[in-house]
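J.: Sequence:
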Amino acid sequence: MAEALTIDVSRLIDDRRINRFNVKLLVISFLFVLLDGYELTAAAFAAPYLVKEWQITTLAALGPVFSASLVGVALGAPLFGYVGDRFGRKVAIIGSCLLFAVFTLACIKVSSSTELLCLRFLAGIGIGGLLPNITALNGEFAPRRVRATLIIIMFTGLTFGGALPGLISATLVPAYGWRILFLIGGIAPIAVAILAVFFLPESLKFLVLNERSRKSIVGIVRALNSALVIGPNTKFVVQGESGYSGFQPKLLFTGRLAYLTPLLWVMFICCQMAFYFTNSWLPTVLASAQVTASHAAIATSIFQIGGTIGGLALARPLDKHGFKPVAVLFALSLPIVGSLGFLTGEVPLLMVGVFFAGFCLLGLQLGLNAASALIYPTAFRANGSGWAFAIGRVGAVSGPILGGALLAMNLPLHHVFLMLLIPLSFGTAASVAITRLSGSGFQDGTRIQATTQ
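If you count the sequence shown from 1, you need to add 400 to reach my numbering.
These are calculated hints, taken from the structure and not from any lab test. Careful: at least some of the hints might be erroneous.
Mimicking EDC-like on lysine to aspartate or glutamate, the simulated pairs with C-alpha atoms at most 20 Å apart in a straight line are [as the list claims (entries may be wrong)]:
| id | residue 1 | residue 2 |
| --- | --- | --- |
| 1 | K720 | D414 |
| 2 | K452 | E515 |
| 3 | K490 | E602 |
| 4 | K635 | E611 |
| 5 | K720 | D415 |
| 6 | K509 | E453 |
| 7 | K635 | D408 |
| 8 | K635 | D414 |
| 9 | K615 | E602 |
| 10 | K635 | E602 |
| 11 | K635 | D415 |
| 12 | K424 | D414 |
| 13 | K490 | E611 |
Modelling step: build the complete structure from the supplied sequences, incorporating the hints.
T.: In structure tokens:
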């Protein structure tokens with residue numbers, strides 16, 4: 401076979417089948433996302449023990465601690481998005497992971513809520529910084545026809561990781577105390593980061609566009625297609641894209657992105673507001689409706705299971721039809737979420753309703769996470785995803801606050817859930833608009849890149 405003179409790495413990635421390279425990348429990425437999910441919920445499971453040990457009057461007093469990590473996430477996502485586009489996805493992923501590992505490990509030495517608040521804020525910066533870069537990396541290695549599918553499979557690690565602190569709290573905390581939650585949360589990321597140093601590849605598109613190590617480029621290309629003959633004169637290109645030349649937020653609003661970015665942000669905010677509202681207050685709301693504690697706990701688990709299935713169900717349609725299935729799921733969420741307050745009298749119906757509420761809300765969130773990596777070009781993909789994740793935290797923070805305010809007003813239960821129709825209606829409108837404007841399927845970033853230059 402003759403030496404290849406020019407290799408378009410975008411075409412190389414898109415035209416090939418899924419192989420061991422993709423599977424290895426997906427497994428390592430899943431572990432990173434699982435750790436991210438663990439970090440987001442670990443403090444909540446330590447809270448009851450902290451209240452007792454520190455003689456705190458109520459769990460509500462720890463509310464600022466939980467909010468601190470979310471604020472850190474909102475700062476870390478765009479910060480490490482910049483790092484990822486400037487210095488590489490791998491550097492940003494490992495750096496953000498080690499950041500939250502160190503500050504989580506430090507939590508085992510805290511003796512007050514103020515100390516814990518500061519450490520959770522700093523850990524949150526790393527937690528937020530990991531997601532946009534791991535999303536960008538997987539989006540840049542996945543063939544276009546299954547790009548959303550692979551990213552969503554990776555993001556199911558969030559739900560599995562979020563469940564792990566509950567298992568540890570039930571099995572290990574009684575014997576070893578609450579510090580075991582943070583000890584595991586600190587050591588495990590360090591182990592995975594070390595693993596990533598040797599086995600996590602840098603983005604091939606990033607390496608080519610920014611003219612980085614030729615040796616690394618050749619090694620990755622051969623791992624993708626060992627049949628290619630690569631000689632000293634072989635050139636590597638990413639057709640239609642250019643390398644990093646500095647990032648300014650205005651790039652997110654140039655050309656087609658002038659409407660794609662704002663509409664994506666509206667969907668992120670609305671979805672996260674409804675999801676975190678429901679996820680945070682579902683057990684309390686059900687308990688106030690005389691649903692037994694055991695049934696309320698089961699309902700919360702069913703909500704997460706439904707969301708995981710919803711995300712996986714959305715994956716293939718997202719690859720084939722772009723934002724259309726997102727619009728459909730947003731529209732379906734309106735009657736499903738709105739009906740929850742009317743189902744508390746019938747437990748079987750309630751469980752079905754909670755399942756489909758999770759299917760819609762968490763399924764949408766997983767789908768939007770994937771979409772954030774599909775509409776931006778390589779040059780600022782991590783920045784684009786990072787800003788979307790950060791803006792979405794407005795909804796994540798305000799959702800539980802809104803829920804608490806509504807419960808304090810002693811509104812009828814069905815009124816509480818009906819209030820969620822407001823953000824979901826805005827999300828539906830945004831999803832319909834972005835579907836009409838963007839057409840069928842996602843652009844690969846190349847046309848968007850062309851309009852930003």
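J.: With the threshold set at 20 Å, check whether the alpha-carbon distance from K720 to D414 stays at or below it.
T.: holds (14 Å)
J.: For the pair supplied as a hint, K635 and D408, is the alpha-carbon distance within the 20 Å limit?
T.: holds (9 Å)
J.: Taken at face value, is the distance from the CA of E453 to the CA of K509 at most 20 Å?
T.: holds (13 Å)
J.: Going straight from one Cα to the other, do K452 and E515 come out at no more than 20 Å?
T.: OK: K452 and E515 at ~17 Å, within 20 Å.
J.: Quick one, are K635 and E611 close enough, alpha carbons at most 20 Å?
T.: holds (11 Å)
J.: Is K615 close enough to E602, meaning Cα to Cα at most 20 Å?
T.: Holds, at roughly 12 Å.
J.: For the pair supplied as a hint, K424 and D414, is the alpha-carbon distance within the 20 Å limit?
T.: holds (18 Å)
J.: K635 and D415: Cα distance at most 20 Å?
T.: With a Cα-Cα distance of about 18 Å, the restraint between K635 and D415 holds, given a limit of 20 Å.
J.: Going straight from one Cα to the other, do K490 and E611 come out at no more than 20 Å?
T.: Judged against 20 Å, a Cα distance of about 16 Å means the pair holds.
J.: Under the criterion that the straight-line Cα-Cα distance not exceed 20 Å, is the pair K635, E602 satisfied?
T.: holds (18 Å)
J.: With the threshold set at 20 Å, check whether the alpha-carbon distance from K720 to D415 stays at or below it.
T.: Measuring from Cα to Cα gives roughly 16 Å; hence the hint holds.
J.: So if I understand the rule, the pair passes when the alpha-carbon distance is 20 Å or less; does K635 with D414 pass?
T.: It holds: about 18 Å lies between the C-alpha atoms, which stays within 20 Å.
Checked against the numbered hints above, the structure violates none of them.
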